[in-house]
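Visitor: Each chain is listed here by its residues.
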Amino acid sequence: MSAVAETVTPPASAAAAPLLELDELVVRFRTENGLLTAVDGVSFGLQSGEVLGVVGESGCGKSVTAQAILRLYDETNLVRYGGAVTFRGKNLLKLPRAAMVDYRGPRIGMVFQDLSSSIDPVYTIGFQLVETILAHQPMPPREAEAKAVDLLRLTGIPSPERRINDYPHQISGGMKQRVMIALALACEPELLIADEPTTALDVTIQAQILELLTDINRSRAMGVIMITHDLGVVAEICTRVVVMYLGQVVEEAPVAALFAEPRHPYTQGLLRSIPALDGDRAQELYVIPGTVPSLLAVPAGCRFAARCPYADAQCRTEAPPLEVLRNGRKVRCWHHEVVAATGEVRDVG
Amino acid sequence: MASTGLTIAPPRPSRRRGQTLRRLLGSRMIVLGGALITLLVLIAVFAPLISPFGPYEMVVQQRLKPPSALHWFGTDNFGRDLFTRIAYGARVSLGVSFTVALLSVAIGMLVGLYAAYFPLLDHVLMRICDALMAFPSILLAIAIMAALGPSMGNVILALVVVFAPSLARTVRSAALVVREQTYVEAMRSLGASSLRIIWLHIAPNTLSPAITQGTFVFAEAIIVEAALSFLGVGVPPPAPSWGGILFDGKVAIFTAWWMTVGPGLFIILAVLGLNLSGDGLRDVLDPNTVKAAK
Amino acid sequence: MREYIIKRLLMLIPVLFIVSLVVFSIIHLTPGDPAAVMLGETATQAEIDALRQRLGLDQPLFGQYLNWLGGLFRFDLGYSYFMRQPVAEAIRDRIVPTTSLALLAEFFAIVTAIPLGVAAAVRRGTVTDTALMGTSLLGMSIPSFLLGLFLVLIFAVWLRWLPVAGYAPLQAGLWPHLRYLILPALALGLIQMALIARMTRSSMLEVLNTNYINAARARGLREWLVVYRHALRNAFIPILTIIGHSFGVLVAGAAVVETIFNIPGLGQLIVNSVGRRDYTVIQGGVLFITLIYLLINLGTDLLYGLIDPRVRLGRR
Chain A
0 MSAVAETVTP PASAAAAPLL ELDELVVRFR TENGLLTAVD GVSFGLQSGE
50 VLGVVGESGC GKSVTAQAIL RLYDETNLVR YGGAVTFRGK NLLKLPRAAM
100 VDYRGPRIGM VFQDLSSSID PVYTIGFQLV ETILAHQPMP PREAEAKAVD
150 LLRLTGIPSP ERRINDYPHQ ISGGMKQRVM IALALACEPE LLIADEPTTA
200 LDVTIQAQIL ELLTDINRSR AMGVIMITHD LGVVAEICTR VVVMYLGQVV
250 EEAPVAALFA EPRHPYTQGL LRSIPALDGD RAQELYVIPG TVPSLLAVPA
300 GCRFAARCPY ADAQCRTEAP PLEVLRNGRK VRCWHHEVVA ATGEVRDVG
Chain B
0 MASTGLTIAP PRPSRRRGQT LRRLLGSRMI VLGGALITLL VLIAVFAPLI
50 SPFGPYEMVV QQRLKPPSAL HWFGTDNFGR DLFTRIAYGA RVSLGVSFTV
100 ALLSVAIGML VGLYAAYFPL LDHVLMRICD ALMAFPSILL AIAIMAALGP
150 SMGNVILALV VVFAPSLART VRSAALVVRE QTYVEAMRSL GASSLRIIWL
200 HIAPNTLSPA ITQGTFVFAE AIIVEAALSF LGVGVPPPAP SWGGILFDGK
250 VAIFTAWWMT VGPGLFIILA VLGLNLSGDG LRDVLDPNTV KAAK
Chain C
0 MREYIIKRLL MLIPVLFIVS LVVFSIIHLT PGDPAAVMLG ETATQAEIDA
50 LRQRLGLDQP LFGQYLNWLG GLFRFDLGYS YFMRQPVAEA IRDRIVPTTS
100 LALLAEFFAI VTAIPLGVAA AVRRGTVTDT ALMGTSLLGM SIPSFLLGLF
150 LVLIFAVWLR WLPVAGYAPL QAGLWPHLRY LILPALALGL IQMALIARMT
200 RSSMLEVLNT NYINAARARG LREWLVVYRH ALRNAFIPIL TIIGHSFGVL
250 VAGAAVVETI FNIPGLGQLI VNSVGRRDYT VIQGGVLFIT LIYLLINLGT
300 DLLYGLIDPR VRLGRR
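From first to last, the protein sequence lines are chains A, B and C. Under numbering that gives the first Met the number 0, read the first sequence as residues 0 to 348, first letter to last. Under numbering that gives the first Met the number 0, read the second sequence as residues 0 to 293, first letter to last. Under numbering that gives the first Met the number 0, read the third sequence as residues 0 to 315, first letter to last.
To be clear, the hints were calculated from the coordinates, so they are not data collected in a lab. Treat each hint with caution, since some may be false.
[What the hints assert, rightly or not] So the derived label-pair ranges between C-beta atoms look like this:
#	chain 1	residue 1	chain 2	residue 2	range
1	B	195	C	153	35 to 41 angstroms
2	C	133	A	298	43 to 49 angstroms
3	C	300	B	179	23 to 29 angstroms
These numbers come from a predicted model, not from an experiment. We put the CB at the ideal spot given by N, CA and C, even for glycine.
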């Protein structure tokens with residue numbers, strides 16, 4: 000595994016106001032089967048300039064959290080929110096929905112995962128960039144066009160002056176991702192949420208995109224939330240990590256600490272599942288036993304208990320709270336000391 | 000709005016008949032539409048009991064009387080009670096249209112199933128269907144009736160020619176989907192006869208779209224039959240049919256509005272009931288279809 | 000793209016062939032002698048025989064068909080004895096009224112249906128949505144000729160407003176020409192409006208659910224921009240297909256409405272000819288309209304390919 004990337008050192012002072020703070024965020028969906036709680040009391044914070052990783056399997060609620068921050072879901076028919084999402088001191092959930100327009104773009108940008116369908120196919124790239132720019136900062140169209148070209152150049156797209164006249168279906172996947180990033184950065188936001196930005200790309204392009212994101216983070220002191228299921232990506236560019244399972248945060252820690260000493264059995268399991276380059280070829284790959292329970296049948300007690308090697312009677316009946324430890328760590332487990340003690344040390348350095 | 004993107008598997012609805020029946024009855028549209036149709040059918044069936052008059056009974060002194068307590072829908076230009084004529088007319092209009100729908104579904108299934116199964120037959124049959132579907136419905140019906148002459152049987156024949164091809168296409172599409180499935184190939188290799196495969200295995204899967212479309216055909220047949228009778232090339236007088244009453248009312252339209260409104264209302268109710276039912280059926284049986292033109 | 004056009008045109012040929020066969024058969028489906036039927040009961044045998052010879056009915060069937068087909072290629076659709084003019088001429092004189100009527104009806108339909116459909120989609124699940132779609136369903140259930148009759152009742156009998164039936168050619172001026180077409184166009188257009196509105200709604204709903212619309216919102220674009228610039232444009236492609244096909248339906252289905260409002264169009268021509276058993280006109284008219292209908296449908300399908308930049312520009 001590569002070295003933990005050097006990023007801008009987050010503001011050392013603990014008193015510095017966080018850029019974004021989630022406080023017991025709850026997201027419920029109305030479905031045919033009743034009210035489904037996809038995100039159940041998620042709390043974490045992010046400082047300017049930090050790169051926070053949010054890790055978990057499909058269905059753990061990480062994408063839902065991202066969409067909830069920008070309030071993208073249909074609030075009339077579909078979704079109900081609880082808790083708070085505070086951006087620079089303002090609770091976004093309490094604003095009138097129309098007011099979100101001023102936050103989406105100029106203050107918070109989002110990059111999506113499903114590339115083939117995330118850019119409007121009937122307008123050119125240039126048109127959509129200019130449109131985004133002009134939506135938030137009126138300026139003469141020529142200026143906006145020039146800015147669009149600059150944005151494309153910034154994200155590493157060759158011959159940007161020609162690319163602005165292309166339609167999305169005419170460019171490759173890697174370039175599409177860069178265009179997505181350009182669109183998200185068009186209004187110079189302070190926070191960038193990247194939802195699985197590299198999942199659909201091949202490895203070399205992945206590396207380039209990650210490098211691009213790191214550059215942006217460094218040069219603009221922009222906060223980045225990196226949502227992914229790939230721990231490799233986390234190790235590559237994140238400073239801190241939040242691990243999610245079935246709609247809850249189960250562990251939070253600085254990257255090095257998480258990899259060196261995971262304190263939640265799920266995190267430990269995830270790390271163990273990564274095959275080591277230098278490991279014994281003949282050894283069986285580790286797999287966390289069992290499967291993620293359905294959100295329709297959330298178990299009583301600790302949600303991970305059924306698959307946990309450390310679980311006991313208490314775990315099955317009492318749900319553990321998210322405990323704050325020293326060194327900026329949090330963990331949701333009755334037996335985290337045991338886990339820390341018995342885990343193998345993974346050397347990330 | 001963003002889809003949730005959650006990969007949660009909802010409990011799979013079982014495919015037992017009881018389940019489907021319950022869903023059918025639970026659909027407001029089906030219930031409402033079905034109620035309308037049932038009401039009209041009841042009126043048709045119990046016509047002699049509902050009304051004291053006969054449909055051919057002419058009372059010349061009572062010609063062209065507006066609706067009253069005695070004659071609910073007024074009288075026509077021959078002094079016949081209009082409500083009675085409409086009620087008996089329901090027998091003709093609904094009966095003819097239902098027969099057309101039934102026959103179209105039957106023939107459509109036959110053609111569609113065999114076309115889907117035998118590629119050689121497919122080309123020929125589908126070209127014929129395309130050609131027949133190339134004609135605008137009313138025009139084709141008019142042309143055939145012009146050639147054959149007015150009679151109830153000819154109306155049914157003409158309308159079946161008009162509507163069966165599109166049903167054949169629908170059944171064929173559904174059948175093709177099933178045919179692609181591997182279990183059909185497996186059965187072929189095990190030696191099951193084509194007849195067996197087609198009727199026992201492929202056909203049941205085509206029933207849902209066929210019935211749904213059959214409902215819409217029923218509705219359209221009512222409209223086209225009424226149009227034909229209105230033009231004088233449909234079910235011949237003196238047999239009462241809704242279009243026929245409109246035809247009679249054409250001459251008197253400026254003095255006897257009830258002759259137009261009466262049957263017109265019933266036509267609208269019938270078609271509305273069937274459209275509602277058809278929409279409801281489609282929602283229940285195949286919710287994936289885009290709600291587009293039929 | 001070009002191969003697609005050629006393929007479609009090729010597939011049209013067998014269809015046209017069978018269509019011509021069907022149309023040709025009409026005159027021969029008549030029980031009894033078509034010539035006798037055409038001349039009526041007072042005709043003498045000599046007159047009937049003369050007509051038979053004139054129409055070529057005494058020749059072998061296949062020969063007649065070939066003759067007829069040959070005539071088609073020369074734009075000779077036969078001759079009408081009742082109207083004393085070539086069928087092609089009779090048709091040519093009546094194209095404009097039908098076309099104007101169809102265009103006006105389509106205009107009414109589109110102008111009401113699309114805003115309706117968009118509004119229903121945007122307010123999905125609310126009372127507005129149900130009301131709009133309910134109205135749509137009702138509109139779909141009123142046959143155009145019935146609506147025509149009701150409009151006549153309302154405007155002519157009750158309100159005594161517009162002169163209801165009649166027609167003014169374009170030469171008399173645009174407004175007089177349109178004035179007589181308003182009511183019949185409304186009658187014809189209602190059903191199409193309902194169909195287009197429904198399609199608009201469902202197409203918009205599909206599009207509003209896509210990732211790129213979500214991404215557009217995430218960039219802070221205002222809702223009306225998202226709906227009208229991005230969603231509608233994408234949703235429009237299937238809607239356009241429906242509009243195209245509905246135009247064909249209008250041209251073809253104008254028959255009864257033209258009769259009610261006394262518009263001298265193609266539809267009325269055919270209906271009148273049916274009453275007179277003027278078979279050559281029926282054949283020619285039905286064939287002509289069917290051809291137009293087919294061409295409009297083909298044109299619509301090709302238009303789709305033109306509008307979607309993914310199809311138009313192809314992949315790099």
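Visitor: Given the hint of 35 to 41 angstroms, check if residue 195 of chain B and residue 153 of chain C actually sit that far apart at their C-beta atoms.
Guide: At roughly 59 angstroms between Cβ atoms, residue 153 of chain C and residue 195 of chain B fall outside 35 to 41 angstroms, so the hint is violated.
Visitor: Hint says 23 to 29 angstroms; check whether the CB-CB distance for residue 300 of chain C and residue 179 of chain B agrees.
Guide: holds (25 angstroms)
Visitor: Hint says 43 to 49 angstroms; check whether the CB-CB distance for residue 133 of chain C and residue 298 of chain A agrees.
Guide: holds (45 angstroms)
Hint compliance for this structure: hint 1 alone is broken.
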